[in-house]
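**Student:** Sequence:
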Amino acid sequence: MATITIPHMDEEIIKRALASADLHIKTTTPCFIYRLPAETLEAIFFHCASDYHGEDTGYPIPAAPSWVNVSYVSSHWRNVALNCPVLWTYLFVTSRPWTEELLARSKQAPLKVKAHLHSQDTKLRAVCFVEQVMDHLERIQELHLRFSTSYHPILSKLSSRAPCLQSLVVVSLVDRYGSWYPASVPFGGDTPALRTVELTNCPVPWYSLKLTGLTTLHLNSLSPLCQQNMAEFLTTLSCMQDLTHLYLEDALASASGFLSSAAFHTSQKINLPHLSHLLIAAPLSTIIALLSCVNIPLTTHVNLNLKCSSEHNSSTFDHHATFCSLLAQRLRMLEEALSSPTIRRLVIIFMPNWEAARVTFAASERHGDFTASRDLAHPLRIYIPFDRSTTTGDRDRIINHICCPTPLSNVQSIYVLNPKFPAAFWTHVLGCLQGLRCIELHQGNMPDIAAVLSLIPHDFTESHGVRADRGPNHIIAPALLELKLLRMSFSAPLSQRDQMYPVKAIDVQSLCDALATRKGPRGQLTMIQCTELNSEGRKKTFDMVGWWEGGRFQAVDKDKHD
Numbered sequence: 001m002a003t004i005t006i007p008h009m010d011e012e013i014i015k016r017a018l019a020s021a022d023l024h025i026k027t028t029t030p031c032f033i034y035r036l037p038a039e040t041l042e043a044i045f046f047h048c049a050s051d052y053h054g055e056d057t058g059y060p061i062p063a064a065p066s067w068v069n070v071s072y073v074s075s076h077w078r079n080v081a082l083n084c085p086v087l088w089t090y091l092f093v094t095s096r097p098w099t100e101e102l103l104a105r106s107k108q109a110p111l112k113v114k115a116h117l118h119s120q121d122t123k124l125r126a127v128c129f130v131e132q133v134m135d136h137l138e139r140i141q142e143l144h145l146r147f148s149t150s151y152h153p154i155l156s157k158l159s160s161r162a163p164c165l166q167s168l169v170v171v172s173l174v175d176r177y178g179s180w181y182p183a184s185v186p187f188g189g190d191t192p193a194l195r196t197v198e199l200t201n202c203p204v205p206w207y208s209l210k211l212t213g214l215t216t217l218h219l220n221s222l223s224p225l226c227q228q229n230m231a232e233f234l235t236t237l238s239c240m241q242d243l244t245h246l247y248l249e250d251a252l253a254s255a256s257g258f259l260s261s262a263a264f265h266t267s268q269k270i271n272l273p274h275l276s277h278l279l280i281a282a283p284l285s286t287i288i289a290l291l292s293c294v295n296i297p298l299t300t301h302v303n304l305n306l307k308c309s310s311e312h313n314s315s316t317f318d319h320h321a322t323f324c325s326l327l328a329q330r331l332r333m334l335e336e337a338l339s340s341p342t343i344r345r346l347v348i349i350f351m352p353n354w355e356a357a358r359v360t361f362a363a364s365e366r367h368g369d370f371t372a373s374r375d376l377a378h379p380l381r382i383y384i385p386f387d388r389s390t391t392t393g394d395r396d397r398i399i400n401h402i403c404c405p406t407p408l409s410n411v412q413s414i415y416v417l418n419p420k421f422p423a424a425f426w427t428h429v430l431g432c433l434q435g436l437r438c439i440e441l442h443q444g445n446m447p448d449i450a451a452v453l454s455l456i457p458h459d460f461t462e463s464h465g466v467r468a469d470r471g472p473n474h475i476i477a478p479a480l481l482e483l484k485l486l487r488m489s490f491s492a493p494l495s496q497r498d499q500m501y502p503v504k505a506i507d508v509q510s511l512c513d514a515l516a517t518r519k520g521p522r523g524q525l526t527m528i529q530c531t532e533l534n535s536e537g538r539k540k541t542f543d544m545v546g547w548w549e550g551g552r553f554q555a556v557d558k559d560k561h562d
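In the working numbering, the protein residues as written are 1 to 562.
Keep in mind the hints are simulated off the structure, nothing from the lab.
Don't take every hint at face value.
Each computed EDC-like pair below joins lysine to aspartate or glutamate, with the alpha-carbon atoms no more than 20 Å apart [said to hold, decoys possible]:
#, residue 1, residue 2
1, K307, E335
2, K210, D190
3, K157, E249
4, K307, D318
5, K307, E336
Note that the structure is a prediction, hence the values are computed from the model and not measured.
Model the full structure from these sequences, guided by the hints.
**Tutor:** Structure below.
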């Protein structure tokens, strides 16, 4: 039975008291919570208000939130609430009289404002609220605005200085009724306390603000009119030594010209010693420029989203080579440093129709949601798009170099979704992961990794295009303990194939024969919901478990589904 603590009891009593006030229920027996010290009640009231504010969407609401009712429960509660100005600083979109009352009760305490100006039926109410609040701009500590482009005149209200402003979030929702024009410098650039800036699709010259104390910068889908070139951005970034979170999504143009300029080769590196999370969604040249010109800690979680751009194809391969060199440098440093997260798992996920790939270098071997597009929980993640002009050979070469630009001795497992690679790819990647213990392949035609895992040095491997002169000191994945296959498709056995069914995947027997050549250690093969073509070209689904050891393979169980 769970232990009921005093704070838990107080919270339950508070909820019941508020419910009684809402229902106008009179109680004859006074509850001890009504007689709590003022300091305790203040803490409880403040906790309720801050929780509501954290979940508030900024939409106008038909009535005051429940925490406001603390001033109507009893005279003691009312006195405590009215003598706590901080309680009334959590503003919400409401009527003009209520807004005036909240501003009066908050006295001169810093204000927290959230407003969502999007719904047409609440336009007048929301605009009136923002206009009232903007008259107290010098008191605002947090300002979070969401509005469509038809409300762009609201930016003109941000003209007064904002000495208390710590968090500025402006999210614009594009609609067909409005269009953007460049806004003037908000707050006159006077924001000495600013710590967080998040701008989405907003034409605000953010770089004109005072940013020396900034800890979080998130720029998303900036108008070209408000984008800096790379040299200008690096100058602005050099003033933000306290940054811990930097997110740049479609906020910077191509830096192809910058990479070929003298400024790139002579620029001094910028140090961001406190950065914990970095996300860049930009053309490859822009990512290269930032990674080359900015020093970040090895503990920083890095998410790179390569964007297709109009950069000249002649420089694309040079950029890829430079990018892979930067990746190799960082991965080598992660391998050597004792205090940084060690790369334990390599995850390669291909999108439908091979339109893009996502490569994750994870510090944990546990299964996670590696499909999330914006996940900053890993040391390094890279999103690679492919356009129609990318050939199969170019695509394989790009993925090949990005997945393993350098040997990674600490990687224990690799997971691949839709593994459509030739044997040469597996030879390179698995050859760089000499400490590998587990291979997981999920969905698609079974690739020819048999030729790579086999220890037979001649006929079998040579027939599959793999070099046969590896020798005893060049065994691929010598520590392999487990091979997991989920929903993989195998071809018909070699004796049953004919010209009607061309080979797109290896057969089960070839894989088992290859595993049988491995001397040790003992390893396990697990197949779940895999399919195999029979002589008639029909697919049969099966599960199978087997093991290899000492130069032989033994199938323990094979269950065919109807």
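**Student:** Could you run down the list of hints and mark each one as holding or not?
**Tutor:** Quick rundown of the hints versus the structure:
1. Simply put, K307 and E335 have alpha-carbon atoms about 28 Å apart, too far for the 20 Å limit, and the pair is violated.
2. Straight-line distance between C-alpha atoms of K210 and D190 comes to about 6 Å, which keeps the hinted pair within the 20 Å bound.
3. Pair hint K157 plus E249 does not hold up; C-alpha atoms about 27 Å apart against a cutoff of 20 Å.
4. The straight-line distance between the Cα atoms of K307 and D318 is roughly 16 Å, inside the 20 Å bound, and the hint therefore holds.
5. This hinted pair does not check out: K307 and E336 have alpha carbons roughly 31 Å apart, beyond 20 Å.
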